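K.L.:
Listed below are the residues making up each chain.
Number of protein chains: 10
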Amino acid sequence: MSLATLDTTQHPNLPATSATLFTAKAAKKLSFEQIAQHIGRNEVAAAAIFYGQAKASPEDIANLSSLLEIPQSVLEEQLSGFPDRGRTVEMPPKEPLIYRLYEIVQNYGYAYKAVLNEKFGDGIMSAISFSTKVEKETDQDGNNWAVITLRGKWLPFSRF
Amino acid sequence: MSLATLDTTQHPNLPATSATLFTAKAAKKLSFEQIAQHIGRNEVAAAAIFYGQAKASPEDIANLSSLLEIPQSVLEEQLSGFPDRGRTVEMPPKEPLIYRLYEIVQNYGYAYKAVLNEKFGDGIMSAISFSTKVEKETDQDGNNWAVITLRGKWLPFSRF
Amino acid sequence: MSLATLDTTQHPNLPATSATLFTAKAAKKLSFEQIAQHIGRNEVAAAAIFYGQAKASPEDIANLSSLLEIPQSVLEEQLSGFPDRGRTVEMPPKEPLIYRLYEIVQNYGYAYKAVLNEKFGDGIMSAISFSTKVEKETDQDGNNWAVITLRGKWLPFSRF
Amino acid sequence: MSLATLDTTQHPNLPATSATLFTAKAAKKLSFEQIAQHIGRNEVAAAAIFYGQAKASPEDIANLSSLLEIPQSVLEEQLSGFPDRGRTVEMPPKEPLIYRLYEIVQNYGYAYKAVLNEKFGDGIMSAISFSTKVEKETDQDGNNWAVITLRGKWLPFSRF
Amino acid sequence: MSLATLDTTQHPNLPATSATLFTAKAAKKLSFEQIAQHIGRNEVAAAAIFYGQAKASPEDIANLSSLLEIPQSVLEEQLSGFPDRGRTVEMPPKEPLIYRLYEIVQNYGYAYKAVLNEKFGDGIMSAISFSTKVEKETDQDGNNWAVITLRGKWLPFSRF
Amino acid sequence: MSLATLDTTQHPNLPATSATLFTAKAAKKLSFEQIAQHIGRNEVAAAAIFYGQAKASPEDIANLSSLLEIPQSVLEEQLSGFPDRGRTVEMPPKEPLIYRLYEIVQNYGYAYKAVLNEKFGDGIMSAISFSTKVEKETDQDGNNWAVITLRGKWLPFSRF
Amino acid sequence: MSLATLDTTQHPNLPATSATLFTAKAAKKLSFEQIAQHIGRNEVAAAAIFYGQAKASPEDIANLSSLLEIPQSVLEEQLSGFPDRGRTVEMPPKEPLIYRLYEIVQNYGYAYKAVLNEKFGDGIMSAISFSTKVEKETDQDGNNWAVITLRGKWLPFSRF
Amino acid sequence: MSLATLDTTQHPNLPATSATLFTAKAAKKLSFEQIAQHIGRNEVAAAAIFYGQAKASPEDIANLSSLLEIPQSVLEEQLSGFPDRGRTVEMPPKEPLIYRLYEIVQNYGYAYKAVLNEKFGDGIMSAISFSTKVEKETDQDGNNWAVITLRGKWLPFSRF
Amino acid sequence: MSLATLDTTQHPNLPATSATLFTAKAAKKLSFEQIAQHIGRNEVAAAAIFYGQAKASPEDIANLSSLLEIPQSVLEEQLSGFPDRGRTVEMPPKEPLIYRLYEIVQNYGYAYKAVLNEKFGDGIMSAISFSTKVEKETDQDGNNWAVITLRGKWLPFSRF
Amino acid sequence: MSLATLDTTQHPNLPATSATLFTAKAAKKLSFEQIAQHIGRNEVAAAAIFYGQAKASPEDIANLSSLLEIPQSVLEEQLSGFPDRGRTVEMPPKEPLIYRLYEIVQNYGYAYKAVLNEKFGDGIMSAISFSTKVEKETDQDGNNWAVITLRGKWLPFSRF
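Protein chains in written order, with this note's numbering: chain A, 1 to 160; chain B, 161 to 320; chain C, 321 to 480; chain D, 481 to 640; chain E, 641 to 800; chain F, 801 to 960; chain G, 961 to 1120; chain H, 1121 to 1280; chain I, 1281 to 1440; chain J, 1441 to 1600.
A hint or two may mislead.
Taking CB as the label site, the calculated pair distances span [said to hold, decoys possible]: (1) F:949 to C:332: 52 to 62 Å; (2) J:1577 to I:1320: 14 to 24 Å; (3) C:332 to I:1308: 29 to 39 Å; (4) H:1257 to J:1478: 51 to 61 Å.
Hints are computed from structural coordinates only; laboratory data are not their basis.
Only a predicted model underlies this, so the values are computations on that prediction, with no experimental measurement involved.
C-beta: ideal position from N, C-alpha, C; glycine also.
The whole structure should be built from the sequences, with the hints applied where relevant.
P.N.:
Shown next, in the form of structure tokens:
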């Protein structure tokens, strides 16, 4: 199995911690599944920390430090601030895998809105009070299916 | 409960069928849940047909015709071609609900890619061999949560 | 005093209700302050309903109908759906007044983020669980000052 | 409490002073609230100086120098020019917190204009003769609310 | 001498009043110089009213009505609101004459900023408390020179 | 009085000479007014040379060399080519001061065109056979006004 | 031989005169070569008048009126103003023929600048004091070659 | 006479050979006219080689090596690949000289197409089977005129 | 089997002939395969004529007229000009099928260039002296494969 | 014959492996045809590996290592991750050869869609389950023709 790695020449906008974490991950030959298990978080959240898209708690930092053998002080310094989210993907995404997700929004955006509005009223599904996960299914013909679940709190528009 | 409607002055790029279908839906006061049940399809797919983003089968046309009391010949003519997908949402989306989905792709795009690649290898989750659904959950504190599931076939890159 | 009006040749993307409401407002020579008072909402919210950017409740519809002498059935039909927000302003805004607000975000965006993060932790100020108001102050030199208040619920990023 | 920090790999367009100031702030473990108090300015203004979006007066420089233990000559050289504002945020903002502010402008822009025009006449709210502040409120249910106030001088369009 | 006219098929975003005013101007064969003189305003301001970029006072409306023989009620209705400025020119401008002005900003923008900052301090030249005029000069070789003067109030950034 | 300086981390596209000249200007504590006087050119032109937007003549080079104590050979090498104009300002300008100039073009572009065409015929005001200057006026209330004059040769379109 | 025609559904931004002129040209089955000969202008200039990109003199109007049998009053009204140039081609051009010209600028732009600067000094080739023509050459192998000549006055940058 | 030079800080996307060639050209004080003569090519083509926009033949490399005293092995390595054309000019061009050429395409694009189509039929003028040259003319009044000739093979669209 | 149809509300930029041809095609229930066979052209070319992207010869017009029962004079008028190509697809394409082709160019563009350059030298594959076809293959597992062939004349860059 | 090379100053976004592989290719003077033969893959696929657009299998890595004399550990480290596709070409492509492919999509996009839909139904040609090849043909007149074949699995839209 191949592991996801980081080529910093292709991602000049990532925070310094991304290089630190990915280098250690490659050296340790760890998958995000293993890392997630170790720090008690979801795989996508674990990967998001590596890409500077999610905040690591002090416990996450301690656990990442021990698992990846990175001095805790280095991680504390690099992960102590607040993530500056949204810089990894240039929109529209050029990467085919990420583009497919973008295309789903482009094609089904108003269908989602219509169904959500009728089910919940006037509001939005939060992307902040939000979690997500990725699962793998294999059907009886041996085909693999990826299942991505998005779960967000419903926020009704305030009346004022 | 309010129903999703269409204001054609705001959607000049939708196909002619969208006006036909939404007008009838408003007159009949039907939700997409009711329409979906009647035609035996998922709510999101039903809404996608209304927005010209999914193909209606001959049975769908017959069922929509009877439910909405639109002459079958009208629907056949308007729905007989192939959808010209992607025109409903101008990217980046200005609509707050749809923007939240776009933001999820922007923030978690590379995290999804890393996790999917490690789980499945080099490839993509198809947005064509694909289905999606929307569910409503209410937690013990009475908060509502929207759950969107994306399920796509895994397509490995061909070796050539 | 002049009143805000709508020239539909300049706003082709507004919903049909905008023309209905603005035409009646002009005929009745009512300000948004008067309209807001009558329907018991904030002036900005009242104007947002006119621009199709906020949802009107059944009571709002009834009140607008009586105040503006628009048949209630017309307003019910035009306002029964869910607002398709975000279409009024093309970004970056060309209108000087609106541009100044955009410029404030452009100049102080990261300063707001830094201060908010330190005060509240990792999260965002909601633009949905949100209200806003406009006030006028006159200083001792007779200069007028506009004061815009933005008040949004703090949403911490979920840990997952 | 976490402190806002600067990862210069993510902000290549900031002035040299940003790195100087943020490095010292991190070493001293000071919040913008503490810094603002020390230099007698608003928190947002203090953060804006750090991001190169506001001018520091000679007294500000002296105070920052003593508080942060940066040689005054260094700060004088780096802060002596005129800010080149607007370079920190790439529009539309990708950062979720900043995007919410942008979205408020996008959704309520014309509502603000209508209300302001009716209250003040033909003109704009200045973003230059302008101040802003951030406050934290907690409601009786324990929810936190962020309150951002924008206060700008009203400038009527000259008649010529 | 030719007169400036309006071809509405090329300017679909202008307010309704533009067509009214330009049609009457063409019928009356009046130049903006003549119109400006009649209403006691600058030529550029007069033209700006025609393009919906400046507000007409009640006296302007009365004067335009009598000069152009447009019923005053028509002009009052079309000019009573607040201008929605900025929609006439799509940026970057394609029109060669307007592009030259844009190019001056592009080439000399920072030079203006440096000189203005050194002369006035940290601030901007207002485009609202602002007037402008166009003059024609002919040098001794018979060459014509256009002279455009921009005069705006200096607004220093507030300290807060 | 503060002097305009250059922070090269914010202007990566300027020619090498900009750093050379601005560094010397800061060391000598000279304003553009002083520099302009010394080389016998307008302030805006002097600043434009510093930003690589205007050509320096051999005499300018000699004068700048002596005033700023930069070896003449260095300046000759860095200033001997032809300016590659237009790279300093990214359009639309993010800098508030420069944006105001841009906004003037956006708002008054067609008004200028109409007035210029009626005064001069079919053509443009040259931005090449062109000079500009900045002046400061103070009115009786003590308010400062910036006056920018643009003077360009009128070029009629050739008939062919 | 086919003649160039106009399909107004594809050119919604052209002035009203374009439809008038092209309709008459099609009815009369005239080429631009014939039209140009009749009005004593270059073919490209003749076509440019048809596309609203060049001004027609009173004689041109009289000649076009007689040749195309369009009432002179109609042409006078439609052609009396000043062309609003630049609206025909959306840049980058999608049309393959026009794209090739664009590509020449993209590929050889700096080579032209270098050669022109060395030949003429610091300045530009005017696109206003400018003429152009199209010629056809056939080589000995029977291949056709298009030759486009651009001839513009050299304008040196003013020293100020 | 000034010579065209290269400031690599302003052209970060040029190939490595551009710096090599321009540095030698400056040291040798050679114009493109002299270089072109020496290698037996057109001036524009010579400049295009310097900007990485044209391929140098082995003879060109040998001639450039001897003229510019650059070791032939260096030039062979840097010029042996295939040009990656189009990266020098960012479109729309900000440089005034290059913009004028762009503007000619914008204004006369459809006029060229109409005339070329009528003269040659359905096809394009090739920008590949293509040559170009720059000439200088001086009229009897002493005015200089730049003449740019574009000559491309006519390619008819294939019928299939 | 469904047939490709045209919904003109979604394609406002197509030429008038597109509506004429597609309406007749729908009425006659003809596929592009049948139409192509009848007029002796490739299917893609036939469809391209319908979308205004290819020129119809007089014989094509006669054949289309008889097959589709459209008066020949109508087709002659609508098809007599030269196609204004490139307006059907807005780039980047939103339509998933067309996007896949775009993605192939995005991903393999430089690989194609490298291989073509090594095989043919410095030049391009013409898109004008060009033909294309679509074929259907079914493999032994019953999967369908689409095969698109692009065949263009190799054009070497001219040496000048 | 010239070989395709890489000038990293023009491709700053390529992965580190591109420089490694292209440097070795240049030193070994190998064409992609030779490399492809050696690793048993198609030429385009081989070039795509060099540009970071295709995944190399462990055997590919071993074969490339031996052919190019690059230590296997270096290649393993640089090629072990998953390609981050789509970053090589900035769209729209400026390179003339790649632009021609883009233009084919722009011109024939809807024609392909219509023909493919009629032949296969509602779906897309996969760009993932996909292979491509380049061939050279010479006709009897000695003209060279490039033939590019695109072969992708047909994916019907799922019904849900």
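K.L.:
State for each hint whether it applies.
P.N.:
Results of checking the hints against the structure:
no., hint, in the structure
1, F:949 to C:332: 52 to 62 Å, "39 Å, violated"
2, J:1577 to I:1320: 14 to 24 Å, "23 Å, holds"
3, C:332 to I:1308: 29 to 39 Å, "37 Å, holds"
4, H:1257 to J:1478: 51 to 61 Å, "58 Å, holds"
Taken one by one, the earlier hints fail for this structure only at number 1.
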